[in-house]
Amino acid sequence: MKHFIDWLSQPWPWYVAGPLIGLIVPALLILGNKSFGISSSLRHVCAMCIPANIPFFHYNWRKETWNLLFVLGILLGGFVATTFFSNPEEMNIAPQTQAKLAELGITDFSGLMPRDIFTWEQLFTAKGLLFFIIGGFLVGFGTRYAGGCTSGHAIMGISSLQWPSLVATIFFMIGGFLMTQVLLEPLMRLVGP
Amino acid sequence: MIKKYTYLKEVPNSLENGETGLALVKYLILGILFGIVFVKAEVISWFRIQEMFRLDSFHMYGIIGSAIVTGIISIQLIKRFNIKSISGAEIIIPKKEFRKGQIIGGFLFGLGWAITGACPGPLFAQIGSGFTVVIVTLLSAIAGTWVYGRFSDKLPN
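Top line first, the protein sequences correspond to chains A and B.
Each residue of the first sequence is one higher than the last, beginning at 2 in the working numbering.
Each residue of the second sequence is one higher than the last, beginning at 181 in the working numbering.
If you are wondering where the hints come from, they were derived from the structure by calculation, not from laboratory data.
Treat the hints with care, since some could be wrong.
[Stated by the list, open to error] Covered stretches of chain B, going by a simulated chain A footprint (3 or more residues, C-beta under 8 Å): (1) 207 to 218; (2) 229 to 240; (3) 247 to 255; (4) 268 to 279; (5) 282 to 293; (6) 302 to 310; (7) 318 to 329.
[To be verified] Taking CB as the label site, the calculated pair distances span: (8) A:Thr66 / B:Lys264: 15 to 25 Å; (9) B:Phe261 / A:Leu184: 45 to 55 Å; (10) B:Lys264 / A:Phe178: 34 to 44 Å; (11) A:His59 / B:Ile253: 33 to 43 Å; (12) A:Thr66 / B:Phe261: 25 to 35 Å; (13) A:Met2 / B:Phe278: 46 to 56 Å.
A quick note: this is a predicted structure, and the numbers were derived from the prediction, not measured.
Ideal placement from N, C-alpha and C gives every residue a C-beta, glycine not left out.
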């Protein structure tokens, strides 16, 4: 058993994790004729809690409960993996990335997320505004406008050979490259260390 | 009313008839397994997303690429052998229509993905992993979704 836990606690390589993630597509289809998609859960929360008078949020969200349970499961899975099979070693991050991030003032590479940024102390700072409020808003607004996220478009959409999903995925990547390679540096200078 | 109908059509994944209560637990379990994979493969790591967008590591490309290949093969097998869902229903994959939103919205999401280091799935796993401040990011993402819904008829599409 201990060996098994030790083995689970290693970071999993891409060729194990990728196919497992891909298998979620047939698993959901066969279990209940569901298309893999995660960002729609955010819409269901709106429909459930704050539909106002907006037609976009007036549908029977109760029929989408499975999706909310699925994302709740992801949260619990994150807890289980971190609590029971956490990797005891530090993460192995590419040295080039580490060097670039150090220039931006990010120097703590010990966890999955930079502790220089993702803490409650940063909430009411300019950094918090950028990383939590603006970043989160762009994720929610952008995915709904695009009609899906990495799961709905990049994985489910491309897997079912739908070209609009390929277009969406290309623009996800363009946005990501532009932010990381061009905009992040001036933005970090703006929000301070 | 017509508008309402098109929106309804867009909601893709309604439950199959009779799926209530315990039948829904399977989705919770699937989510848990998925969350574990997310953490163990470090997909939820802000650093891994940075590496990806800086082209310093193959890890994320390997994961997304092999997930897509697995998905393509699975769907082809389902079609070839006419595999049914466990309730015996024909498997339906909703068609994705092309809209300008996939370009504009996709681009905006890409910006946010690089800032937060997370697409919506990993946001949930990050919270579960103890980065509880990401709850704020999630709330802001819900707000973003709401604002899109509020102004969707005024946006180019």
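Verification of the hints:
| no. | hint | in the structure |
| --- | --- | --- |
| 1 | 207 to 218 | holds (count 12) |
| 2 | 229 to 240 | holds (count 11) |
| 3 | 247 to 255 | holds (count 8) |
| 4 | 268 to 279 | holds (count 10) |
| 5 | 282 to 293 | holds (count 12) |
| 6 | 302 to 310 | holds (count 8) |
| 7 | 318 to 329 | holds (count 12) |
| 8 | A:Thr66 / B:Lys264: 15 to 25 Å | holds (23 Å) |
| 9 | B:Phe261 / A:Leu184: 45 to 55 Å | holds (47 Å) |
| 10 | B:Lys264 / A:Phe178: 34 to 44 Å | holds (41 Å) |
| 11 | A:His59 / B:Ile253: 33 to 43 Å | holds (38 Å) |
| 12 | A:Thr66 / B:Phe261: 25 to 35 Å | holds (30 Å) |
| 13 | A:Met2 / B:Phe278: 46 to 56 Å | holds (51 Å) |
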